[in-house]
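Residue numbers (the working numbering), protein chains in the order written: chain G, 24 to 248; chain E, 38 to 279; chain V, -10 to 45.
By construction, these hints were calculated from the structure, which means they are not laboratory data. Hints are not guaranteed to be accurate.
DEER-style ranges, computed between Cβ atoms [as the list claims (entries may be wrong)]:
id, chain 1, residue 1, chain 2, residue 2, range
1, V, 27, E, 119, 19 to 27 Å
2, G, 26, V, 33, 51 to 59 Å
3, E, 81, G, 72, 40 to 48 Å
4, G, 36, E, 43, 51 to 59 Å
5, E, 184, G, 71, 18 to 26 Å
Since the model is a prediction, treat every value here as computed from it, not as a measurement. By construction, the Cβ of each residue, glycine as well, lies at the ideal position given by its N, Cα and C atoms.
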Amino acid sequence: MPNLLKAVAFLFRRDLTVALRRSTDILTPLVFFVIVVSLFPLGLGADPAVLRTIAPGVIWVAALLATMLSLNRLFANDHADGTLEQMALAPYPLTLLVFTKVAAHWALTGLPLVLISPLLAVQMNLADSAIGTLVLSLLLGTPVLSLLGAVGAALTLGLRGGGVLVSLLVLPLYTPVLIFGAGAVSGVVTGLDIEAQFSLLGAFLALAVTFAPWAAAAALRVSLD
Amino acid sequence: MHKYASPKFFYSLAGQLTPWLAALTAVLLLAGLYFGLFVAPPDYQQGESYRIMFIHVPAAWMSMFVYVLMAGAGAVALVWNIKLAEMFAACCAPIGASFTFLALVTGSLWGKPMWGAWWAWDARLTSELILFFLYIGYMALQASIDDPRRAARASAILALVGVVNIPVIHFSVNWWNTLHQPASVSRMGAPTIAPIMLVPLLLMALAFTIYFFTVVLMRMRNEILERERHTGWVAEMLNSES
Amino acid sequence: MNWSHFFAMGGYAVYVWSAYGLAALILILNVYLPLAHRKTVRRRLREFLQLKEQIR
Chain G
24 MPNLLKAVAF LFRRDLTVAL RRSTDILTPL VFFVIVVSLF PLGLGADPAV LRTIAPGVIW
84 VAALLATMLS LNRLFANDHA DGTLEQMALA PYPLTLLVFT KVAAHWALTG LPLVLISPLL
144 AVQMNLADSA IGTLVLSLLL GTPVLSLLGA VGAALTLGLR GGGVLVSLLV LPLYTPVLIF
204 GAGAVSGVVT GLDIEAQFSL LGAFLALAVT FAPWAAAAAL RVSLD
Chain E
38 MHKYASPKFF YSLAGQLTPW LAALTAVLLL AGLYFGLFVA PPDYQQGESY RIMFIHVPAA
98 WMSMFVYVLM AGAGAVALVW NIKLAEMFAA CCAPIGASFT FLALVTGSLW GKPMWGAWWA
158 WDARLTSELI LFFLYIGYMA LQASIDDPRR AARASAILAL VGVVNIPVIH FSVNWWNTLH
218 QPASVSRMGA PTIAPIMLVP LLLMALAFTI YFFTVVLMRM RNEILERERH TGWVAEMLNS
278 ES
Chain V
-10 MNWSHFFAMG GYAVYVWSAY GLAALILILN VYLPLAHRKT VRRRLREFLQ LKEQIR
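Generate coordinates for the entire structure from the input sequences, incorporating the hints supplied.
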């Protein structure tokens, strides 16, 4: 296998470069994230106490939805110009290539969400003490969302109605991450011990990193055949 | 082994089995209904409403059982490329989704007199709801892919990912429920089960299981006809039956 | 056997009978649908085979 490390690094840099050229692809989910969170006060009224209670859930759900929106750019562009097929034929484990792509995707989609979340937390009147927990929970959770989402994106490659279909497939699978992610933040607000939540988020991340790229690679092969 | 994996053989076998399975289903259903509605006494706490349990619990069991079968058949199809396994998995889905739907609605009907609300985000019902979404996603994926082989293999992967996630989802929803559920809403559990109540429960569960196999075989026969339409034996059979 | 007592289901009649009624509906539907579909499949296949014959 020609230098695997070089190939992975190359793919990572390439994906970042290509994505940065299409900056709308990156900014749209981020803006969507901000807009969706802002919709809740508009829909529910701006009572600070209410906002504070719903903040963890709202921010987390918005993060889920923003991730969903961004999933199609993971494989679709490479599929359209034939690069994806080349990757499948390349002498490198497809699992590793998929992992690299997801990592690059998360760096430009998930990570920005994590970084902008404190602003949204303030907007939703979340207690200052909980903001750190929010950021950490999203930091652990958004990679899982990207990894699971990759499986969905791989399964629906090239299908009509792809975007909505991916949501249908993947959102039920997101529920555990949502429960513990938002649960960690609500927990810290009410002063509970949140060790369990974070242990589970960590466990989800470990499991997702181990199995999702493999499942996504298998799904890609099915879709490309 | 090859004979049993042949669609033609399976088609005729399914045709022969179906009437017997249907008869067995009817017997078990009647027995279950008799014991559940006439023999089992009213519950001390829930009165007569607990009898919904004899529909709700077996339906919920079936919804899980069918999903696992569906995932298993998908795995077989992926690994060994057996067409019958692909067809079986596809035929499972609508039946499993029906059972899930039944479990959800009967759960709601059981809960209403108990909690005063049609839906109370009880842990088991919430897990069942997510399972329903998993079924819908599976069927949507199947429907979106024209090539039957890609459809079967993609759904198989989806079902396997789903089946692995189901325990995680159950666990997470349980945890979530203990945190958010007000203490007044008790877990919708079966009443303290008197042995006499177990009889109709198990009879109904068995009835639903045999029913499932009856109906899945019926669906598979249709699936086989469609997928094997290019073969000689299908043509012969249709011509001779004109 | 007190039938009116039986049908009243201790005041829970609506709930219990709706549940059993829905179960019956679903069980019947899942038998009816494949049977109806079978007719359609056979008819379409016959047409398909006829076309195949003509094209030959």
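**Q.** Hint check against the structure, violated hint numbers in rising order
**A.** Per hint list: single violation, 5.
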